[in-house]
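Protein chains: 2
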Amino acid sequence: MAIRTPITVAYGDGIGPEIMQATLNILKAAKADIDIEIIEVGEKIYQQGFTSGIPDSAWESLKRTKVLLKGPITTPQGKGYKSLNVTLRKTLGLYANVRPCVALAPFVPTKHPEMNLVIVRENEEGTYTGIEHRQTDEAYQCLKLVTRTGCERIVHYAFEYARKFNRKKVTCLTKDNIMKMTDGIFHQVFNEIAKEYPDIQTEHLIVDIGTALVAAQPERFDVIVTSNLYGDILSDVAAQVAGSVGLAGSANVGDQMAMFEAIHGSAPDIAGKNIANPSGLLNGAIQMLIHINQPDIAATIENAWLRTLEDGIHTGDIYSAERSKKRAHTDEFANAVVERLGQKPQHFKPVVYQAGSQAKIICYGERKKTIAKKELVGIDVFIDNRDMSPNELGEKLTAIAAPLELIVVTSRGLKIWPNCMIESPIANHCSCRFQGSKNLSAITHQDIIKLLQRMDAAGFDVIKTENLYTFDGQIGFSLAQGQ
Amino acid sequence: MAIRTPITVAYGDGIGPEIMQATLNILKAAKADIDIEIIEVGEKIYQQGFTSGIPDSAWESLKRTKVLLKGPITTPQGKGYKSLNVTLRKTLGLYANVRPCVALAPFVPTKHPEMNLVIVRENEEGTYTGIEHRQTDEAYQCLKLVTRTGCERIVHYAFEYARKFNRKKVTCLTKDNIMKMTDGIFHQVFNEIAKEYPDIQTEHLIVDIGTALVAAQPERFDVIVTSNLYGDILSDVAAQVAGSVGLAGSANVGDQMAMFEAIHGSAPDIAGKNIANPSGLLNGAIQMLIHINQPDIAATIENAWLRTLEDGIHTGDIYSAERSKKRAHTDEFANAVVERLGQKPQHFKPVVYQAGSQAKIICYGERKKTIAKKELVGIDVFIDNRDMSPNELGEKLTAIAAPLELIVVTSRGLKIWPNCMIESPIANHCSCRFQGSKNLSAITHQDIIKLLQRMDAAGFDVIKTENLYTFDGQIGFSLAQGQ
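Going down the list, the sequences are from chains G and D. Our numbering puts the first residue of the first sequence at 1302, with every later residue one more than the last. Our numbering puts the first residue of the second sequence at 1302, with every later residue one more than the last.
None of these hints come from the bench; they were simulated from the model. Incorrect hints may appear among the rest.
Chain copies aren't distinguished; within one or between two, either way the pair holds.
Unchecked claim - With a straight-line cut-off of 30 Å between C-alpha atoms, the simulated DSS-like cross-links for lysine-lysine are: (1) Lys1751 with Lys1674; (2) Lys1697 with Lys1751; (3) Lys1383 with Lys1367; (4) Lys1329 with Lys1465; (5) Lys1675 with Lys1383; (6) Lys1345 with Lys1481.
Excised from the complex, chain G in its bound form:
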């Protein structure tokens, strides 16, 4: 007999306690080998003054068990409160969000009964790092940050997931026709890692058409891997199209820790009424059981759950006079699943999860690779320009550029000097590109500091800088439109 796996459980807010109870009852009846540690997070904890909704004691349990099954949380309105989910994801390094989206027709209405896809979303990077600055009266910025390691982890995870769950194809979505560097590296890493999985089909789609196809023909997808923002939008599209927002679970996985939950919220309007559908959290728990290497029990529960749906035992959210036999309360639904443990679905295909093998997907961290030779060749100096015309700007900056050379001035990515390409430029937020020479000769940090000194003396209001580098001789910066 294996040693019981300790897991941390948070009941959550709103309908959280009742759906968690239902879920735990099912896990217990199915003889899941788990030892439960309960922590309190969410509304009450926020009110005690913990702005992230989690007390210090809860972290101890998480560090011990490394697995969290979490009910939905209510984040209080008002400034200063931070999303508990964002805090957990970032602090625990949960880089992969895994969202199976499966149609359950005819028992749950959908226009796409054949849909069965999994979205693997990068969870830590992109514009969601929350690095924002306002530096002129007009302009607001957010930094989109993508690392090679971040791309490698999530793409590797997606392929390992596909292999493990007998999925045949991995589709990568990026917008690398526009964002050639940040989305380009994601696509490039996808191509590199795909070669290690010759047994799995691959495709790449631009995210706009890819998302449109998930909306209109979700049947054509299997595993989808994409970056943070795209995956966020796509996950909601897929769940909505599947009709399964109320029934789907989600995993957030890192190298050390993992968190499992329902994708829906805490639904305070129906809390305490014993009418909520526990299926979303139960599906999260099924993903957890696979993760802690209890795949047989996961399959037993999932098959019993499918059979319950087939038998027409439905909570109010999916009840209909035609399709349902019984409108079940939360606890009745859970009991019906318990009664069916050991039974197989007859309409749906019974699920089987590989038993025995280690079920957790281990991704490599940073892959061994050579470090490219980096050389400083210039700088983009951004200024808050309230008065000067593009030509004035160009002249004044040229006069103080030496020993560097002013190459181009842009505003919102468009060239405004030399030869302004737009009729009425909005030139408050300008980027002035200086290089050692047009041939990318090397410069030093001292060259930059002295340039900044001269610009300050000439009255320019410098607001930000971006150094320009080459890596192994390849330029590491975009050219301006029109440059």
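With the hints as your guide, set chain D onto chain G.
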């Protein structure tokens, strides 16, 4: 009799010439008051060495007429070629992309026969400004840039459009729960401008659920206004769900110029066969006629086109044995529309466009407003850190910070000093926040330059800087997760 309006026409590549000919034949038969100037853009021009696909002479025509009706373009594969559409949009300041998405059931299959919405997408800002930098071996960045004026223009356009076309509701989509500044300003401007249109209903949705609802319940939307990337994804989702990718037109509108086109591509595989559907370009031309204040002719053509679809005269792309009476060639379809000029549709509601009034939507540029008092209070200095632990970093930087103070060090938006909140930080790309004091006292550019001098002397590899400002005393920068 009015003076004829000069317009510029580009036939384009692939199926462009035949669908443009069909469209112009319909416009001529409907007595559109236009004088056509033909320019050559696209494939041939690329091959002549114009990397943007447009020769200098074509710009002259555009500046004269300020209106372009454009067939689809083939951008050659290979490096160095730039998208003509991106060039035209950016150079001509076409800030609004307007995409009506209307279901044409039962003649064009869709799961959403009641769908009738318009997407008004900001066209110039966000991550699509293409400002990207790689500054460490690991990290790639893209700047998301949003201006207040950019938000004001597009939101104002959306409300003016709604009023002009008798639309009842404008929905705004942002992700301002995460990007509180860049998406926050878009939402805030939406709320401000909405007050000027009390006759129009408004709502705001987070873009993930908003896009999901467009996919699953498009009938609930009317006009949608959103930023560049979200609008790009959303436009494709909406067109796909409407089933109208092959039939929809699009307008790109700026203060001075406007461009009208089909949303589909040049389809080289069926070029020259006289089988392409000219409806997409025709719908672009209908938007153009309204823009140049010929709304009666626009309505006459659109009604005849709807009637043609109802009469079962369909090109191959939408032909079906059940729904169609005749499989028409491109020219036959155009002739069928011409024959029906003056007739009204019977299944669809006939369209009426306000006659007489100036049809072009004029948006204000920058709105009169006070400039906030801006004060420099600190700087985020980003470094490429290959070796140092978070604690080492914190200590060494603190030692050289004075007279400034090191407040926090972050990596990918997460605090790594003081009190590192993550277990195994990826700390190559670090942001070090220095302020005059925790109380936001003012500092000078000289303070910054001297700090950079000290950091260089201490061997730190500075890669970028972001100044920290307050505006009228409000902080203009995000706090780190965990700060």
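Now the hints, each set against the structure:
no.: 1; hint: Lys1751 with Lys1674; verdict: both (25 Å within a copy, 28 Å between copies)
no.: 2; hint: Lys1697 with Lys1751; verdict: both (16 Å within a copy, 24 Å between copies)
no.: 3; hint: Lys1383 with Lys1367; verdict: within (22 Å within a copy, 49 Å between copies)
no.: 4; hint: Lys1329 with Lys1465; verdict: within (26 Å within a copy, 62 Å between copies)
no.: 5; hint: Lys1675 with Lys1383; verdict: between (38 Å within a copy, 28 Å between copies)
no.: 6; hint: Lys1345 with Lys1481; verdict: between (46 Å within a copy, 25 Å between copies)
Of the numbered hints stated above, none is contradicted by the structure.
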